[in-house]
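Just so you know, the protein sequences line up as chains A and B, in that order.
Residue numbers for the first sequence follow this note's numbering, beginning at 1 and rising by one.
Residue numbers for the second sequence follow this note's numbering, beginning at 1 and rising by one.
Any given hint could be a false lead.
Below, a sample of chain A positions facing chain B; criterion: calculated Cβ distance under 7 Å [unchecked claim]: (1) 92; (2) 104; (3) 105; (4) 136; (5) 147; (6) 148; (7) 149; (8) 152; (9) 155.
Listing some non-contacts, in silico: residues in chain A with all C-beta distances to chain B over 10 Å [to be verified]: (10) 43; (11) 82; (12) 89; (13) 140.
Derived from the structure by calculation, the hints contain no laboratory data.
Note that the Cβ used here is the ideal one computed from N, Cα and C, for glycine as well.
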Amino acid sequence: MRSSFRVMDAKSGEILGRVSRTGDEEVSRLSFSHNDPVQLRSSLPQDDEKYRIELWVGEEGSEFKAVIVDMFNVVGSYDGARTSYDISSYGTFIEDAPVFCLNDAGEVVEGVIEISGGGAYLCVFDEDTTGNEPYFMYFTEGSKGFLSVPVVGDVAVVQQEEGEREVTVRYFTEGDDV
Amino acid sequence: MFRVIFDRNGTGVFDMNVGETDINQGTADPSFEALETAVIYDGSQNSDTVFYGFNGVNACVASRITSGVTR
């Protein structure tokens, strides 16, 4: 087996999805594969729960890199020099934290969180990225690794970008289980 | 080698035993392997003006726990 993902329900332990890929054949219970991102949610939940993703490779092995993307469906405004997206409705954020976005050329652009004079939390990029949406990105890499991050945006995606390890991912609500 | 215990009772207590750390909050073991670097953040205590980030583990969301081990 070259690689596999397991997506688990945190409370029941049920495996919600699994994909495994051999040299010639790919078996998937969900519509994703090793080289494609695994989308854990596509819209903002309409409840008061706080959601989290944990991702880990617990044993030593070959090198890998796995990422968690937390994306906001917001519209940016470009002032001729910078593009700003207001994400205040999603929560409170840390000034100067890194944010990412694609530009029109499909290249990843890094920006930062700024707090406006009015107290709004803005994702700011030094070029026109209005055609795309900003996101947080977390990653772990090496021979093993662990991440546990809050997800607050509309779209949550995980992906093993490099390597062929079995990466376990849990998407769950915070509470007694955290 | 590393070991991570992510406390599941909601207190956000972490135990780790991994390579060298660049750590702002958490517990570090000095007997790390030199070639490994790890980081654990308890972002629950972060304000909205203090950014903690290292090597892919970025505490972006204020008042929420962000933790991880990477190198």
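Now for the hints, and whether the structure bears them out:
At its closest, the beta carbon of residue 92 of chain A sits 4 Å from a beta carbon of chain B; the interface hint therefore holds under the 7 Å criterion. Taken as an interface hint, residue 104 of chain A does not check out: its beta carbon lies about 25 Å from the nearest beta carbon of chain B, beyond 7 Å. Look at residue 105 of chain A: its Cβ only gets to about 24 Å from chain B, farther than 7 Å, so that hint breaks. At a threshold of 7 Å, the smallest CB-CB gap from residue 136 of chain A to chain B is about 5 Å, leaving the interface hint in force.
With a cut of 7 Å, the hint placing residue 147 of chain A at the interface with chain B holds, because the nearest CB-to-CB distance is about 4 Å. This hint holds: residue 148 of chain A has a C-beta 5 Å from the nearest C-beta of chain B, less than the 7 Å allowed. Interface restraint check for residue 149 of chain A: the shortest CB-CB distance to chain B comes to about 5 Å, inside 7 Å, so the restraint holds. The beta carbon of residue 152 of chain A is positioned within 7 Å of a beta carbon in chain B (closest approach about 6 Å), and the interface hint is therefore held.
Taking 7 Å as the C-beta cut-off, the interface hint given for residue 155 of chain A is violated, the closest approach to chain B being about 15 Å. No beta-carbon of chain B comes within 10 Å of the beta-carbon of residue 43 of chain A; the shortest separation is about 19 Å. At roughly 19 Å, the least C-beta separation between residue 82 of chain A and chain B is larger than 10 Å, which holds for a residue marked as non-interface. For residue 89 of chain A, the non-interface assignment is confirmed: its Cβ lies about 14 Å from the closest Cβ of chain B, beyond the 10 Å cut-off.
Taking the minimum C-beta to C-beta distance to chain B, about 4 Å, the non-interface status of residue 140 of chain A is violated against the 10 Å cut.
Of the hints listed earlier, those the structure fails to meet are numbers 2, 3, 9 and 13, in rising order.
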